[in-house]
Structures are given as structure tokens and as C-alpha cells.
Amino acid sequence: MNTAPDRDEIQRDLAAILEARLGLAGLGSLEHETRFFADLGLASIDAVVLGEAIQEHYDRAIPFNLMMADIGSRSERDFAIGELVDFLHIQLAKSGER
Amino acid sequence: MIPIARPVAIVGMSARSPTADDLTAYWEGLVAGAPDASLRLDAAEPNPSACENALVDAGIDPQRGAGVPCLAPITDAIQNLALLQRDIVLAGADDGSTAFALVLKRLEDARRSGDRIYAVIHRMEDSNPRLVPAHTRPAAGYPGLVRQSLALFHRVIPPAHESDQKRYRPWVQNDPDSPRTAIVLLDRAPAPPVCLVLQEFPERGLEPGPLRTWETESILLAASDRGELISHAQTILSQLERSSSRPFVDLAFEMNQAMDPFKPARLGLVASSCADLKDRLQAAIRGLLDPRKPNLRDGRGVYYFDQPLIDRPGRLAFLFPGEGSQYPGMMADLALHFPEVVDRLDIADRIACELGEAILPSDQLFASDRHGTDGLWDAATAVNVVLSVQWAMYQLLRKLGLSPDVVAGHSSGELLALAAAGALAADRRLENALARLGAIFRDFERSGEIPAARLVAIAAGRDQVEALCHEIGRSDLRVAMDNCPHQVVLAGSPEAVECMVSRLARLFIPCEVLPFERAYHTPDFEAVMEPVAKFLNTLEWRAPAIPIFSCAIKGRMSNEPRVLRAQAEAQWTRSVDFRETVLAMHDAGVRVFVDVGARGNLAGFVDDTLRGKPSFAIAANLPRRSGITQLNHLTAALFAHGARVDWSFLHARRRPRQVSSAPTSCPLDDAGVTTALIDYQQTMRRFLAIQREVVCAHLASASSGVEDLEDFTFDWADEPDSEALAPAAERSPGPWLGRILEHIPARELISRYTLDPVHDPIARHHTLGGRRTSALDSNLKGLPVVPFAMMAEMAAEAGAILASPDFVLTSLADVIARKWVIYERDLPVLEIRAQRLTSTRDERVAVRIHNRGSAGRDELAQPIFEAVATFEARAREPQSARPWRLANARPGRFTAHTMYDEGWLFHGPPLQATSRMGMIGPQGIDADLRVLPFAPLVRSGQPATFQHDVIILDTFTHILGAWGLDWSADEGDVMFPLSMALLELEGARPAEGTNVSCRIAIEHADHHRIRARAEIVRPDGTVWMRIQGWEDWRFHWPGRYRDAFRQANHYLVAEPLATAIPAGSSVVWLEPPLDMTRPVWRDVLEQTQLCPGELERQRALGDRDRTRRLFAAVAAKDAMRRVLLARGLGERFPVDLEFVAESPTGTHVRDLGHADLRIAVAVATAPEAAIAIASLDPDAKPAAFLSRIDGGETFNLSKDQSFETGQRGAYRYAWSLGRSMQQ
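Chains as they are written, first to last, in the numbering used here: chain A, 1 to 98; chain S, 1 to 1223.
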């Protein structure tokens, strides 16, 4: 049985992926409320690349299209790192249960 | 209606409300949506504080305002001004906690005084104004008056607090002939209320911006290496730890000012406050201390790169996106701070008006709550909005000092790429082109002709997407755009797209159906290409100045205009292959990409495409980050990557307050400054001691033969004793490098050259204002100034020191001249700072020249001259010259002789290399130049060798000047060199005496600028020098000023006034062009109109008095010269006359050549004008005569103790006499 990573672990993984795949260097610790677009200055395509890298990292398919559709419907089309951690925690737990 | 006889200018204001202590706080509150204070209009009460603050705001010393009344009701104040009862009035009201005061002047007076004018009150009307713009409902009372004045001044509409409009918006005006207008309701119960009609004052300078405080600042630090950068950051951090109460904007300004742009290790930071800066510094220091991190880019505002990517020309690309990069509200925040953006938005609205659009772009962008956002996606609006806004952003980037080496456009963005590269005109013609293109698309849409297609952006690569198309059996889906490995845009029928979207959902692949349905970039668009092709044919195509890459051909576009046009046409029907284009640009050497659009998509595409390769992409604007913050990120990031960023542009309108003048101190509290300064000095002493050892070792090893090494000092405060310490002959690159202060071989150099008007021969041969200004002293000439070519040579000589021995100069690029530099008597010092840009493989050196003032004591300020010098192992092989033929040419009006002899040019014999003038036409001019010896231009004992031929380069400007004189109308024929994109040298310098051909092609000429290119061609037809992108600034004056500069004895600048005056008298009116009130043309006027004694006295005067005194003297002398001419007593040079005021024998002008000839004069002056009367009659009393004309007041300069009185008097004369002249 797979063990789903906890939130802290996911957050550390995210920081490493952002550094390795999106060229963010010297990030240090990521904060929950850090916004992907407004604070990190990333572009829409970076979200796609991040999604792909996360799937590669955890070696499983994750429905990022749902999350992107949700973000697209918001007035502030942005998301916080904490939201992404929560989303991944749920999705990874689901796939871990299978 | 209540008439206002004369428009009234609001020149100063103060405000105090329960929530704001001053005008700035009040305005910031309004912009943030705070409610106005309420105050009825007629509650006028004196309030010294409000009055004083408003006067200070108007630039008036409150102590001088003893006679100025306290607050008056606004209607009374206006009437007082209109009836000339007062010149300055204060209006306003005070009810204790709330006070508003306004300083008012007649518009004509305010304009003459050069006052900052918030708004102009044009009229009073009844309370039912008909011309109220929809979005500027009337405001009431003094709060409304202040609010609307500020809104007009800043062109920003604050949110209306009682409405649901939450945000400020740019105040956009579509009609250039109709200024922005606001209405203020004057509630005068029980009398019927009336309205004041306010308008913006359209003549603008560099007024303060609306908000001094920005949400973030960029802070730029530089050091010699990473280790020193860490120390520098730690020092600043420790200073910040001790806290400072100073505004963050001022701290940022001072830190940036202390930054040495020549240091290669660069750290760019973005922070919102002192505390935030501490966080950034801590993060930066942590990262810099970690040797595993060559780069820092945390997305939040830390940028550092061990290997900066802008290390040579050709690295920086600007990318212009097309349709789809728009979003509601875009650029509103930048419009708040940068008038350049509002200007472009005005144009966008005007274009839409001309197209007959019902809803203007500004409404689409900034009032989308009322209109929805769909309109933003209409074809005509989209093209107009996207391209206009992007062009505004491009202007901002250029003002930040960023110039692209390469450009590319995505879809319709290619039009701007073409304009940015110079292939298309970037002036009013571009606006018209946008309007016509918009009209074409509007017609497509209305007629339904535009081929429809649904577009879907898919987050996957091209191969995968094409495989999916095949898999679902939809071969009718086509790739319209291949943006990057993670995004492809497909075009197809709605059914086909629907089918694909379903398939993508099952694969968890994100996708987005785009909000427009136009089959751009597919063969289907061919059906409607005819109007687009016709449109492109109407444009004026030129060879681009920089490379343009096309997404249709996935490579560099042609330099041939005809081919270029065809390529631009083809891109509309071909897919946009942005991914491969970016790869091609990278292969061509481009490393840094700036997305000039509003969304930043292209930057993301570039990052995705070049992941893993040395590259960097950044957006100039992002929808989810404020415009200011992203601009700061861009500044910090590009600075860290080695770009030459003019950060001062970000502070230009924010009135930075500097506490310390120490250029390298940490800008904290006083104690902090002292500590930082001591630390700095100790560090510098250590650093310089090491430097000295390095320099000694280097020069010794080079057998330099420098004898005075022991006296070598790096103490910049020392007055340079001479240029005796210039490097020895075998290492000397030329005579104008001066004394070397600091030299790290192959890396950096700082030297100083003292401008000596007596011992520098070139000072005698380059004299603005003419070669002969006196009949009594042939040594008197125009104003000696440093030629452009001389500064170019200084840059080349500095570069030669840093280049490898035996390498030769092959080009000078990006040459910018910002100011004339005068050979002053107090020996100004030019500081030359040079830095090798790259490793030893590359031989480019960036050079900046600063004017450090007398004895080099001035602070290091913006460079006056910049260039990049390139050196190669051997001279370039000479190429054949371009075919040369001038269309519609004729012989010029000048010969080589008359051009100099008649004073059309101001150069002495050693610089007169023109041997024959050739033909001239609307598109160019040619002439023969003779290669002359250098020795007459250099000081005795200095080497007469140059890196390039200074004389020929200077003489090229003579020929270009001759074109301006010959081909221009009476005005615009005086020109000043601004910049030169490139000077290339091929082969060796021809032998002295050789005649070479100078062929100049005029590429562009408008009211203020001329751009040209040229080739200097040897007798065998090969090119010796090639000049590209030369730009001159044109001065527009009445021709008599130019003529007075060339033959001062023959031409007069003051105009005679036709009025009844006694026989033997003359009255003249002098109103020189504004240029004559400022350096350097005022200096030239002084030099050519004042005798040595007058010049001496001028130097003791303050700025304003200096201009007034000069104008008084010129007017007085011209009045006298007219009297002498009328009597047949001959011409005089003004320099041979002396204006004597405050003499016991009365104000007069005396002839220095005839001691007994003196003429009584009376003069009245204003800041920009003077009137004078002169009479031969020894008993005449000109002052009394002037007073008779004016009706009782005397305005003799010597008796005139009141500036205001003199000003009023002079203009009253002008008005009355002007009328009589017209009659």
C-alpha cells in the first residue's frame, strides 16, 4: 500500500520542484499564503509545467485540469501555495487508497 | 453665465481634512477611495497655515506674501484677477479641522512665470452645465475644486466614494483639440448656484507624479565580486537593523544613487518597505553565501546571476504579443504614474472615435463593470487596445534605458516589432496605421467575411496534439500557433474543437477555448487577405535598424524593405511558430527576452522553450501583479543580468529627498550615514592600496616608463594637477584620456581629463556662436564646447587601455550624447569610466563620461556621454560602398569656403576638412572631405594619434548641418548630435591630404529630429567609415538668432517696435526662444553679446537674474545699434558695447571702441523678455518716456526693486505696443 505524503512533505517537494523546473532559485521556505502568480510572478504556462512536474515526481496522474478550471472561474485568477498543497494532499491520498 | 475676462490658473494648493494633513495625503486618500471632506463654499476665513502651505506649493515664499490677502471666496478672487486688481490671490475656506486653499494667478502670468499649473478656470456658468463628461460628474465646494484640479493635473479620476466605482481610472480624452474638462458646483445658497468650468493645462513638463510612495521599490546593489557583494549587503542590512524613519522611496533612491554601475557583481532587489528589504537582503545573503547557488531568482524580488547574460550586444530581445494579451483594467496602475501611458490611451480612444466605435477602449478597459468585457475581444478594439498599450509599455522600457538588440512579434504584435526596429514609422503614421488596420478588421466583422474558426489553447506539445488530432480523426483541426513545448493553439470548426476538448478532459490535459473566433494564421484567412495586403502596401517600409525575427518564417526577416513587406503579409495566413522562432533567436545569440505585452504569456513561452539553456525571460506587465511592482522586478532582474538600466526614470517624478550627499554612503539616519561612510572610506583605502600595487605592477611589466608612479594617487578629491601622468607613449592610446585614477587591467579604468580652454587647441576651434564676435579683440570667439567626436575619441582611448595590446578600434556603438560640455574658465573635469563587458574572448568596452565640474568636485551624476567601443585583432577588411545616387538632387547653396567663411558653421581651420560640397536632395547630401593632420588639435607634448579620425567624424556633422541649413525652412536648421547607433571602421586611415567622399542619407526628418546614415568612402570606392543611426536634435528659432550667432555685428535679435518715439531714438522688444533662458544656449548668447566685463558680472548673478540681466543688455545694445545704424554710424558687435546700469550718470550703453560714445537707455525686463529704448539725444530721459507710454510707472532696471512690478510693466508694454504694431 502507498503512503500518501503529509502536507509538510508536499510543501518541501513543491519548493524543490519550483526551483528545479521553473528556475526559481533561492526560494528558501515556501509560505502557505504565497500566491503563485501575484507573489512569484509566474505565468500561466508555468502552472502547466508545474502540474506536469508534480505528476512526474509522484508518478501518478493528477486532475490539474479541474483545479485550473476552478481557478479560471475566480475573479482573482490566482492560487496560494497552501491551496495547491491541500489539493495535492487530497489527490495523493485518494490515489494512495486505490 | 458669469464671464471670466481672463482664464485663471491654479498654481498652488493646500488641503487639510480630518484624515489628511497635507495635499499629498489628501490626494493619496482620494485615489485610494477615501471620501472627500465636506465644506461649503463661502465659509472663507483666514488660516495662516493653509495660506502658507498653498503659497509654498506654488513656489512663493510666504514671507514675501505680506501683501497677499488671506483666504477670499473663490468668485471674488477670480474677479480680482480679471480686473487686474491683484496678480496673485488666495481663495479657500477653513472650518477648523478642514481647510482648503488655492493660489490663483492669471493664466497669462502663470504661463510667463513658468508656474506649475494644476488646472485652468475658464468660466463660470449656471448650475446646469451642458458639457459635463459622463464620468466626471460635478464636484462641489472647495474639496471638489481641489479634487478636480488634482484629477486634471494627474489625468486620473479618483473613485467616487458614493458610487459603486471602487477604483481610480486614467482620465482618457479622445479629442486632442478638446482638453479634459471638469465642473465644480459653487453652492452659494440662497443665491442660485453656479459652476466653475475647469480645464487641464496641456503644456506639461516633468511634473511631480500623483503619488510619491509606490507599493514597491527596486534596489540595485553592485560590487566588484560576489564576496564584496555579500559584504555590501551585510553592511546595508546592519544599517537597516538600526532602523530608519525615512520614507522608503528616499532610501531606495539613495541606495541606487550610491550604486556603481561599472561593478560587475549585481544584485537586484524588489521590496515594499524597510522590513521587506531586510527579508530580501537576508534571503540574498543566504543565497550568496551558498556556493552551490550560482543564481538567485526567488520570484519575490531577489535577482543575482554569477554569469550575467547581457554581457555583449545582441543579447536582449523585445517580444511584442498580439491579440489575446489584453485584459480589463490593464495598465491603469501604470497610467497613474506615467503620463506616457495616458498619452497612448488618448490615442487609442481617438482611433476608436475615428472608427465610429460606440464604446471607447478606455471604457472597455476601465469601466468593464458597466460595459462588460466582451468588447475587448472585438477585432477592431483588440488590435487597437493591444497595440496601443504595448506601444506605451515600449516607451516606458526605452525610458528605462533599455534598447532591444533584436525584436520579434507574435501575430499582430509583429506590426510593433517592425516599428520598434525602425522598419515602419513610429510616429503619427503608426497611429494612423493602427486606425486603418482596426477599420479593416471592423469591416471584416460587420460584413461577416472574416473566416470563423474556434481556437483552443492546449497545454501540450505539438507532437502530442497532432497525434491526438489523428487519434480522434479530426484532420480539419490545424495548428494555428505552436507557442512552446506546453502550449499549442488549434483552430477548427466548433464540432471538431468540442471533440478535442472532450478527449483532453479524459487525459487530464488542461485546455482553454479562446474568446475570439477568427481563423488567423490558417490558410482560410487567405480569402480576406486583399484588404490587409493593400493596407501593408500603403505603409512606408524601410530597412530595419536591428534584426527582426518572424514567427512565420521561424527566423530573421529580410533587411530588404520589399521582401520584408511580403514576409509581414505572409504571417497572417501561416501558423505562428513561436517556439521555433525563439530557438532561432537563441541560436543567434539572444539570451534575455522581455515580453512587452500586458499578460506575460510570451515570457512564459520562452522560459518553457529554452528550459535548460542559458536564457532569461521576463514580462513587463502581468495581470495578477501591479504594474509598478512588475516594472520594479523587470528593473531589478535586468540590472542583475548586466543591462544598462536608467533606474532614475522610476524616481523622476517622485521628488526624492536626499539627506546625504555622500555618493557611496548607506542612506540611513545621520549616525548610520557617518558609520557607513567611515566603513566605506576604510574599505576604499584598502581597495585602492591593492589597486595601486596592481597598476604599478602592470605598468612596470609593460615597460611603461611612467616616472611619477610614486605620486600616483587615487584620491578623487584631489585636484588633478595636469595630464602629465597620462600613460607613456607606447601604451598611450591618444591625447584625451587624461590622468588615470584607477585601472584594473582588462577590466576597469577611471581617468580624468581637465578641460582647459587656454591650452586645449580644440577649444579655440569649436566655438558655438561663431568665430568672430569682436572687432576690437580677435581672440574673442563663440563659446568653446567639447565636440561630440572628441568625447567619442575619449571613449575609444579608454577602451584601448582595457583592450588587448595591438588590438584596433573597429566600432563605436550605442553612442549617446546628453549635454553640451563647455570649456569653462574654472577648468571642468571629465571623468571617463570604462569597463570591459566580457571575458578575454570579447573586446568590447563600455564607457561613460561624467562631468565632475570644476576641479572634479561635483557628485557623480548621470553620464553626459556613453559608448561601447569594440576592438579586434586587426582592422576589418574594407567593403565596397553602397551604390550612391541622390534623387532629385541639385547643387547645394554653400561652397566649402562660404560654409565656414560666412559663419554658417563655427569650426576653426584644423576642423575644416570639407574640400568640396557636392549635391543635395531631399534624401541626402554628399561632399568631399580632405584627411587633415591631428597635431593642430592636441596640446603641445601630447601624442598626435587618435583611435579614430576625429576631424572626419566632426566634419561629417558639418555636411549634415549644411543639409539642414539648405533644406530646412527658416527654422529647425540648428542641430545638436544626440546619438549614433554605430560607427564602423574598415581598413587603415588614408594618408593625409587624401580626398574622401562623404555620402549622407537622410533616413528620417521630423520637427525635432533628423536621423541619418553615412559612408565615408576612399578614392578606390571602399568604405572607410560607416555611420548608422545618427540622430540630431533640431532647434527651432527665428532665423535672426542663427544669423546673429554667425555675424553678430550685422544681425540684431531684438525687434523694432512701431510706436511714436522721439527722433534719434529706437524702441525694441526682445523675446528670445525659451532655449536662450537655459544652458547651453544662454551661455552662447552671453558669449556673443556681452563684453568681458559684463560676462564677469554675469557669473556673480543667480539663475533668474542672470537671464534678466542678459536680456536687458541685449535689448539695450540692440536699441542703441538701431539708433547708430539709422544715423549711418556703422555696425557694432554687441561684445564691443557695454550696458551700464546703476550708474550715477544714468543707465546707458557705451561703445568700448569710442570712449566718448554713450547712449542713454531704459530697459524693462520680464523673465523671458525685455523692452528697451535708446536715444542719441544727451538730454533724453528714456525711462520717463517709457513711463509715459505705460501711464505713470517707471521700470528702469536700476530703479526697479520689484520683480513683479518689472514683469507686469514689461508685459503691459508688450501688450500695448504689440497691439499698435498689429494695427
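It should be emphasised that the hints constitute simulated quantities derived from the structure, not laboratory data. Please read these numbers as outputs of a predicted model, since none were measured by experiment. Don't be surprised by glycine CBs; every beta carbon is placed ideally from N, CA and C. There may be inaccurate statements among the hints.
To be verified - One side only, chain A facing chain S, incomplete, derived with CB under 7 angstroms:
(1) Ala38
(2) Gly41
(3) Asn65
Hint by hint, here is what the structure shows:
1. Ala38: Status holds, d = 5 angstroms.
2. Gly41: It holds, given that the least Cβ distance between Gly41 of chain A and chain S is near 5 angstroms, below 7 angstroms.
3. Asn65: holds, 4 angstroms
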